[in-house]
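Put together the whole structure using the sequences plus the hints.
2 protein chains.
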Amino acid sequence: MNKVLVVGSVGYDTIETARGRRDDILGGSAVYFSLAARLLAPVAIVGVVGEDFRKSDVDLFKNAGIDTTCLQTVSGGKTFRWHGKYRADMNVRDTVSVSLNVLGDFKPRLPQTHVRTPYVFLANGSTEMQLSVLEQVKPAKSKVYFDTMDLWINTSRDGVIELLKRADGAVLNDSEAMALSGKTSIVAAGRELIRMGAKCVIVKKGEHGSIAFTGDKTLLVPAYPLEEVFDPTGAGDSYAGALMGALAAGKSLHDAVMAASVTASFTCESFGIERLVTLTVKDVKARLKTFSAMICR
Amino acid sequence: MNKVLVVGSVGYDTIETARGRRDDILGGSAVYFSLAARLLAPVAIVGVVGEDFRKSDVDLFKNAGIDTTCLQTVSGGKTFRWHGKYRADMNVRDTVSVSLNVLGDFKPRLPQTHVRTPYVFLANGSTEMQLSVLEQVKPAKSKVYFDTMDLWINTSRDGVIELLKRADGAVLNDSEAMALSGKTSIVAAGRELIRMGAKCVIVKKGEHGSIAFTGDKTLLVPAYPLEEVFDPTGAGDSYAGALMGALAAGKSLHDAVMAASVTASFTCESFGIERLVTLTVKDVKARLKTFSAMICR
Chain A
217 MNKVLVVGSV GYDTIETARG RRDDILGGSA VYFSLAARLL APVAIVGVVG
267 EDFRKSDVDL FKNAGIDTTC LQTVSGGKTF RWHGKYRADM NVRDTVSVSL
317 NVLGDFKPRL PQTHVRTPYV FLANGSTEMQ LSVLEQVKPA KSKVYFDTMD
367 LWINTSRDGV IELLKRADGA VLNDSEAMAL SGKTSIVAAG RELIRMGAKC
417 VIVKKGEHGS IAFTGDKTLL VPAYPLEEVF DPTGAGDSYA GALMGALAAG
467 KSLHDAVMAA SVTASFTCES FGIERLVTLT VKDVKARLKT FSAMICR
Chain B
217 MNKVLVVGSV GYDTIETARG RRDDILGGSA VYFSLAARLL APVAIVGVVG
267 EDFRKSDVDL FKNAGIDTTC LQTVSGGKTF RWHGKYRADM NVRDTVSVSL
317 NVLGDFKPRL PQTHVRTPYV FLANGSTEMQ LSVLEQVKPA KSKVYFDTMD
367 LWINTSRDGV IELLKRADGA VLNDSEAMAL SGKTSIVAAG RELIRMGAKC
417 VIVKKGEHGS IAFTGDKTLL VPAYPLEEVF DPTGAGDSYA GALMGALAAG
467 KSLHDAVMAA SVTASFTCES FGIERLVTLT VKDVKARLKT FSAMICR
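Same order as they appear, the protein sequences are chains A and B.
My numbering applies: residue 217 is where the first sequence begins, and numbers increase by one.
My numbering applies: residue 217 is where the second sequence begins, and numbers increase by one.
FYI, nobody ran anything at the bench for these hints, they're computed from the structure.
Take the hints with a grain of salt, since some may be wrong.
One copy or two, either will do: identical chains are not told apart, so a pair holds if it fits within one copy or between any two.
Computed cross-link-like contacts, SDA-like style, restricted to lysine to any residue with a CA-CA straight-line distance of at most 20 Å [as the list claims (entries may be wrong)]:
| hint | residue 1 | residue 2 |
| --- | --- | --- |
| 1 | Lys498 | Asp471 |
| 2 | Lys301 | Glu444 |
| 3 | Lys421 | Val308 |
| 4 | Lys415 | Glu443 |
Here the structure is a predicted model, which is why all the values come from computation and not from measurement.
So, in structure tokens, the structure goes:
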């Protein structure tokens, strides 16, 4: 089976939403990504943690079948920490505090055993670091998708555009797609990024679903309808995880985006990774069936 | 063929958007509605205009095959006028001025020839007036759908809830659905309105599409992707027109919502009714085909 590799953050999050608060729970883009992807394909994490990383969390990865041979522990170092607070409508979140710790010096170098992974996802991180990983895996013709954020679009725009051209796909949210393209509508932004050289652009619109753009197609996928969102943290990363897992499993782009939308909806139903940890292939398949019936006549 | 009757405004609009301005152009909910509905079913307007209503606009209705026998002209009266200005992103509009004129005293009484119309749409108007029309058509077991706005939800909430329970469907935008249900998410709002006694609730989300709720179904329909919106005026009314026209033509609710989404997209591509006037069944069918391919695998 095609394997997926994710390069991203592994950390401890403190999250406050209208529904409650959790302190120092396992989080980070690579964590949400891999817990989602593992349901569809084997997955390996490339990341870094400090000495304070809990043994129980290493066990959680192992129990989930996630390859952690590229998860490096820095002796004497501290794990990445983030504290975020969502406003009442859950659509806006404020960062209360963030400590990069060991993530600040993270310069991933893939071992020979992982350089040939066929599907690679570069989660949000410095553009320089993302380009360095792209260089490492490109000789093996891996399919590379990436995420970014406004910070990098503003501070290393040329690098993000290089990544856009060289990678196989970008997974962005609506504001990032508009900022990178300079367009003020999502549809214009997606198509402009294709004209700028992207092969595939997937724009996430939160509760409004997502749109995938390729050179010749536009795919419209709603969000799975939730009456209530407990915590949207990690929704985007688990979306990307299911997307890449599905692509690695040989699904079409349309099927992969559907699976991504459904998986992200599960993430939002509990705090942090709680729901993802217990999620099964059967759960995803059952919701995909309901979802399809809501979308197609 | 099943006929559709719309009770709503007929007026002259002045519209300013980022793309330009038009003065005193034919507009009003019943106008957009009927120009959209006529492509799918025969349609009659119930409305009122003043002596200043242009002969060329009466001819426009006739050429479009719209029944205007219930469009009353008040001698000495002035036609309803509205002046609106959209902000840069087209998602918010401010009313510069509004003059109800003859619409202020509009108390529609349907003639015997029209009381038995099988599909009736009560466009936005006073709840009292909408309930009075509902009374007139209910003995004939017409299917009645309605629209409302925040003003009526705030000032005649009990009346709107009565309408919700007695009508066959409500066509609301997201903020109206949330205001009427007291819920803060669109999905929770739609389902709450069903629990409050609605048979069918269709929530319009503008560029993010729409969701239809019934007792046992949730249907998710994206918006047709437009790179640019020239003028969103009338998008909601033409959405409702195509929806009712399609239902009258025997289409399923899902097919009707798809047709509504596509028709509204044409409306946004030009100022006012410009595109709707030239729109053909062939245009709608071609775009529906493209749209379906974007949505279903």
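Status of the hints after comparison with the structure:
Taking the shortest alpha-carbon separations for Lys498 and Asp471, only the intra-copy value of 16 Å comes in at or below 20 Å, while the best inter-copy value is 30 Å. When the C-alpha separation of Lys301 and Glu444 is checked against a cutoff of 20 Å, the pair qualifies only within one copy, where the shortest distance is 17 Å, while the shortest distance between copies is 34 Å. Taking the shortest alpha-carbon separations for Lys421 and Val308, both the intra-copy value of 13 Å and the inter-copy value of 19 Å come in at or below 20 Å. In the homo-oligomer, the alpha carbons of Lys415 and Glu443 lie at most 20 Å apart only across protomers (19 Å), although the nearest pairing inside one protomer, at 35 Å, exceeds that limit.
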